[in-house]
Amino acid sequence: MEKKKLVEVKHLKKHFTIQNSGSLFKANKDILKAVDDVSFDIYEGETLGLVGESGCGKTTLGRTIMRLYDPTGGEILFEGNDISKLNTKELAPFRKDMHMIFQDPYASLNPRMTVTEIIMESMINDTDLPAEKRKERVLELLELVGLNSDHATRFPHEFSGGQRQRVGIARSLAANPKFIVCDEPISALDVSIQAQVVNLLKELQHKLGLTYLFIAHDLSMVQYISDRVGVMYLGKMVELADSDVLYSTPLHPYTEALMSAIPIPDPDVEETKRRIIVEGEVPSPINPPSGCAFNTRCPKATERCRKECPSLKEVIPGHFVACHLYEK
Amino acid sequence: MSKLLEVNNLSTSFFTKFGEVKAVNNISFDLEPGQVLAIVGESGSGKSVTSMSVMRLVAKGGKIVNGSIMFDGKDLAKLSEKEMSKIRGKEISMIFQDPMTCLNPVFTIGNQMEESLKLHFKGMTASERHTKMLDMMEKVGLSNPEERLKQYPHELSGGMRQRIMIAMSLLCGPKLLIADEPTTALDVTIQAQIMDLMRDLSEELNTAIILITHDLGVVASIADRVNVMYCGEIVESAPVKDLYYKPLHPYTWGLLKALPRLDMKENELQPIPGSTPDLLLEQKGCPFFDRCDHAMECCRDGKPPIYEVEKGHFAKCWRYHPEFKEEQ
Ligand SMILES: Nc1ncnc2c1ncn2[C@@H]1O[C@H](COP(=O)(O)OP(=O)(O)O)[C@@H](O)[C@H]1O
Ligand SMILES: Nc1ncnc2c1ncn2[C@@H]1O[C@H](COP(=O)(O)OP(=O)(O)O)[C@@H](O)[C@H]1O
Ligand code: SF4
Ligand SMILES: [Mg+2]
Ligand SMILES: [Mg+2]
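Residue numbers (the working numbering), protein chains in the order written: chain A, 1 to 328; chain B, 1 to 328.
Think of the hints as simulated: they come from the structure by calculation, not from any bench. Fair warning: this is a prediction, and the values are worked out from it, not measured in the lab. The beta carbon of each residue, even a glycine, is placed where N, CA and C say it ideally should be. Don't take every hint at face value.
Per label pair, the in silico range of CB-to-CB distance [claimed, not checked]:
#: 1; chain 1: A; residue 1: R304; chain 2: B; residue 2: D135; range: 37 to 45 angstroms
#: 2; chain 1: B; residue 1: N9; chain 2: A; residue 2: N287; range: 54 to 62 angstroms
#: 3; chain 1: A; residue 1: E121; chain 2: B; residue 2: E81; range: 47 to 55 angstroms
#: 4; chain 1: B; residue 1: S143; chain 2: A; residue 2: T249; range: 31 to 39 angstroms
#: 5; chain 1: B; residue 1: D278; chain 2: A; residue 2: K313; range: 49 to 57 angstroms
#: 6; chain 1: B; residue 1: P277; chain 2: A; residue 2: E203; range: 22 to 30 angstroms
#: 7; chain 1: B; residue 1: V65; chain 2: A; residue 2: T249; range: 54 to 62 angstroms
#: 8; chain 1: B; residue 1: E20; chain 2: A; residue 2: K13; range: 51 to 59 angstroms
#: 9; chain 1: A; residue 1: S54; chain 2: B; residue 2: G274; range: 26 to 34 angstroms
#: 10; chain 1: B; residue 1: N144; chain 2: A; residue 2: I277; range: 14 to 22 angstroms
#: 11; chain 1: B; residue 1: S143; chain 2: A; residue 2: K5; range: 40 to 48 angstroms
#: 12; chain 1: B; residue 1: K60; chain 2: A; residue 2: R112; range: 45 to 53 angstroms
#: 13; chain 1: A; residue 1: T249; chain 2: B; residue 2: Y152; range: 41 to 49 angstroms
Coverage of chain A stretches by chain B, computed from C-beta distances (three or more under 8 angstroms per stretch; other residues unrestricted) [said to hold, decoys possible]:
#: 14; region: 108 to 114
#: 15; region: 165 to 177
#: 16; region: 189 to 199
#: 17; region: 247 to 259
#: 18; region: 274 to 288
The following block holds chain B by itself, in its conformation from the complex (with noise of 0.2 angstroms):
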């Protein structure tokens, strides 16, 4: 199939007083219409910068230096600013953990929703507008869409909120979808009815979706493909049965016997030791080094190239070097 989204040698620094860090650290990644990626990785692994570099948001003082993303042809990494902004709310739309930080508290719910049909869809004549925002708010699963229109976004609990903002970023009909910790910030039973909602939707719409999240559990629901970060690089990247059964780098190994699991009683929990290197200081290594139970000498001199070990299943790790043999 061909690919939506082909993401190649993507660098991207944010360049501090203390020095350069390297906050997404050469990655490669594709995506392919209609496909659910997962990214996964602990606070700090660079997911959300990922994000922002194909939305091509990246904060001040941060840059993408090197790589392309190609999207629909297109290399999102050379664009003006005047062509991405064609692109994104349109073609490529993201909710955040906190829907406050893209809703404006001074505008209805009605009043938002309706400027990003504005600007994408000149020719649309105000009912038409009005007729697609309904239509929107009842498939996410808002009652009352003509009220709802016309509150602000203060008066709306968490969840409504939320379901507000995938309803948003739906509405241009994006080819895909961004979601940044989209559940981190609500309760269980309200993240339950999101990922309902979300799962619906990208079934009914096709639209491709990038999942940013830390909870595997999450991820397990609804995810086809999974990217593992860590220290702004991707250790393990596998469709989504192969990375929980057959886990391939020692990082994953370590999440997965980390989590509990609430219908297993008694699995006792193995915690990863240490903590993630600080990025400010040169990784020569593997960046997980210090605290892999696997670790060889060659390890901590230099970088384990990304193995394809098999068809679609990617490990950066030197266990995978063709000459590698397990000691007995």
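Next comes chain A alone, as it looks inside the complex (with noise of 0.2 angstroms):
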């Protein structure tokens, strides 16, 4: 069968304005290219993993592909229609169709509103749903969600941590979505918890037919809910695959260096395993390395590496990887 793409993301570019002291002769402007040139696709149904380190441009990617934020360049086709050039009145059809879930359930959640209140609050944005079937509709949420009726009147702050996302989820699908993107959706929560919610989220993907970009940086979990997965690195896309392949031979050497820093819950895999060690750390988005991003921190670096920055190609079928060492 063939897949459908649901989301096309086209060489997508969003910079920032940064404002700096300046100088004599230095513009007091800065452009930090938090996501610079970064294309996939995303299949209807799937979950697309999305990793890196903090300020690698997740978020950042996550909300331009939402139009939360106006992107700088290239394209974002969601069913088809390029949305990324929509003004508000426009995008209204789409907003419906594509939520978003937040690390801080807290923050995200008005703390004057009953949970109730929250989640018709989402329906009269996003629903054209007649008033009276509003209170059912809110309770056949909380119960998708492994909450009760009993819930529908409390406020946020009555709610543990892993009651609250599950608060956020179902406010994100009142309005009946068909792609939701999880910006660290776990990470606030404990490790007894985390499961709990990851599991909610398969299972409602399985009922409803949800499609996720999955954004964390555990990549465990993220392996563990994602069908495939995508590393970032400095704004850029450099390696995109099946989660079980990426874990299994990773091509580029940031995903390598990646995946064995994670330590892994078992004594004796930790006592014998290979640990590549990357040193340094990540440089500045402001002034980013010539060349391919990671050359300053790469193993395998060589005098290309530092000049010509290599794009996203697809070595193996659906194996992409931005890297020299793949270049003929």
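Need the complex rebuilt from these two chains, each delivered in its own frame; the hints are there to steer you.
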């Protein structure tokens, strides 16, 4: 069966202008390329994971795809329609199809509203459900995320972290979206609760046919939930592959280091494992290195890597990598 | 082997306007010289309060209400503040998740490092101090140490600050280093660098380490022993391999089953249901009772004692009562 593309991202760029103190011979503005020429597709019904260290552009990419930011360049196709240049009014019909779940459910829920009001607000904005049906729908949604009618009249502070994330999920489902960007939805939760939320997301995907872009810095969790995983470094997508392939045969030297850096909860495995420790730290995105952005830390960098920026290429069917080692 | 630290029946409580919070509730553990002990558990389980009690730095409103902390023949719980300040930073030192909590932004790194040498080694000359500082900076892998000494904390990245903190904490040759979530705020590749450094240093200097973390991967990569905390109690304590391969407490079973593993595909995650109880409510029985799949009648009514099930492997659970029989 031919897989259908739900979202197509083409050469997407999001640059921020940053004020600096400036000096006599220097402009007082810097350009920060948070997302720089990123292309990939998201298929209907899949979970695409997105990993990379803090500041590499994951949130910006998610928000730009959702059109919470205006892209600096490139295209975003949603079900074949280019939404990258639409204005607020033109975007309205697409808004109900896409939603976002955030890391900190507490900060994203209005503390003065009850759970019912929170979910209804999202319904009023995004659906044309008649008023009398809305209460019923709230209860349906609460049940779907593992809460019950007792919770409907409570306020966000009366919930634990995991329950709050359930409320956040119920809210994002209110308008029957097709596509959900989950931005670090479990990072603030305890290990024992993370699995509750992740399993709930999986179950909902199964029931409702949802498509996810799942952003997290916990690679083990991303690998568990995702069909495919993309790895970002300094605003670029450096590798994209099926999630198990990415762990068993990473191609990009950065992915290789990242995978080896994740400690496995198994003392025997840790005792015998070969560690690749990359030296140094991620350079500033305001003045990224020329050529391949990873060349300053890459153990395999050559002269070419310092001059030319590699583009993302499909080197094995379904396995994309941006690295000169794999270019003829 | 003789013990470096012996904590016996330690209880630390906070007295709030809502009542007494038993943050640490009657815990006992010990540590040999050079050993790495990990303390794991969810947020709020009492990990930090345990270490702050050992350092005698319990926050305002809190107090050690019972127990002894024997270190090198002295009971830290009974020392005066003056006696304790001779031990703190010299015999026992500590690093935190956020190095900025201990670095003073208005002094250079050099000033701050030198302060502790001046305090604890009165006879040392300025040039001896300088040599010692440079030596330690090199040990923790900081390049251009001369330069670094002249810098201010804000001029350094998070990873470098944590290296500085480690250098500072090891400067006076402590017998015990307490590291409270030292890598939680860092990216995985930097975490890998810091953990690598801690492994090397613990071997080279034979410093005992108490490592507090919620990451069971990190624990597997460095610890000799593990204490699992839940609601202010140590519910299991074991040599590292026994904890992973022969866990005894239902909470530990739950934690290990809720964790995804990067090196294994499709191990279905089993979340622990519910969330931790409110510490303000009096726990008559086992604190894990409402979340435990194995709970029995007796678990509700009485706190289980701690059983030494195998030599050096302790579990606080009624399943290890001599008369317990598994139901068929
Ligand atoms: N609104 C903004 N204005 C200016 N810079 C921003 C803004 N949002 C993000 N950035 C910068 O863009 C880069 C990418 O950030 P972000 O997308 O949040 O990364 P991630 O989610 O991967 O941690 C960072 O350097 C960040 O400081
Ligand atoms: N300053 C304080 N005042 C009141 N309660 C506190 C204070 N510090 C910690 N606690 C309580 O003590 C318990 C244990 O906290 P802590 O040791 O910090 O947990 P963790 O395992 O996350 O490090 C928590 O329930 C917390 O609410
Ligand atoms: S004492 Fe009872 S409730 Fe507590 S962990 Fe053991 S079996 Fe479960
Ligand atoms: Mg982010
Ligand atoms: Mg803590």
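* Establish whether the coverage given for the region 189 to 199 of chain A by chain B is satisfied; the threshold is a Cβ-Cβ distance below 8 angstroms, and no fewer than three residues must meet it. => Contact hint for the region 189 to 199 of chain A vs chain B: holds, 9 residues under 8 angstroms.
* Within 26 to 34 angstroms or not, the Cβ separation of S54 (chain A) and G274 (chain B)? -> holds, 31 angstroms
* Verify the coverage statement for the region 108 to 114 of chain A against chain B, using a C-beta to C-beta distance below 8 angstroms and requiring 3 or more qualifying residues. => violated (count 0)
* Range hint compliance [Cβ, V65 (chain B) to T249 (chain A), 54 to 62 angstroms] -> holds, 56 angstroms
* With respect to the beta-carbon atoms only, verify the hint that K60 (chain B) and R112 (chain A) lie 45 to 53 angstroms apart. => Distance hint for K60 (chain B), R112 (chain A) is violated at roughly 31 angstroms.
* Asked: Cβ-Cβ distance between T249 (chain A) and Y152 (chain B): within 41 to 49 angstroms?
  -> This hint holds: roughly 44 angstroms between Cβ atoms.
* Asked: Is it true that P277 (chain B) and E203 (chain A) lie within 22 to 30 angstroms of each other by Cβ?
  -> holds, 26 angstroms
* Asked: Regarding E20 (chain B) and K13 (chain A), is the given constraint of 51 to 59 angstroms on their beta-carbon distance met?
  -> holds, 56 angstroms
* Range hint compliance [Cβ, N144 (chain B) to I277 (chain A), 14 to 22 angstroms] -> holds, 20 angstroms
* To do: Given the range 40 to 48 angstroms, decide if the beta-carbon distance of S143 (chain B) to K5 (chain A) lies inside it.
  => Hint holds: Cβ distance 47 angstroms, inside 40 to 48 angstroms.
* Measuring from beta carbon to beta carbon, are E121 (chain A) and E81 (chain B) in 47 to 55 angstroms? -> Since the Cβ atoms of E121 (chain A) and E81 (chain B) sit about 54 angstroms apart, the hinted range of 47 to 55 angstroms holds.
* Asked: Holds or violated: the region 165 to 177 of chain A covered by chain B, criterion of 3 or more residues with Cβ-Cβ distance under 8 angstroms?
  -> violated (count 0)
Consistency with the previously given hints fails for numbers 12, 14 and 15, ordered from lowest to highest.
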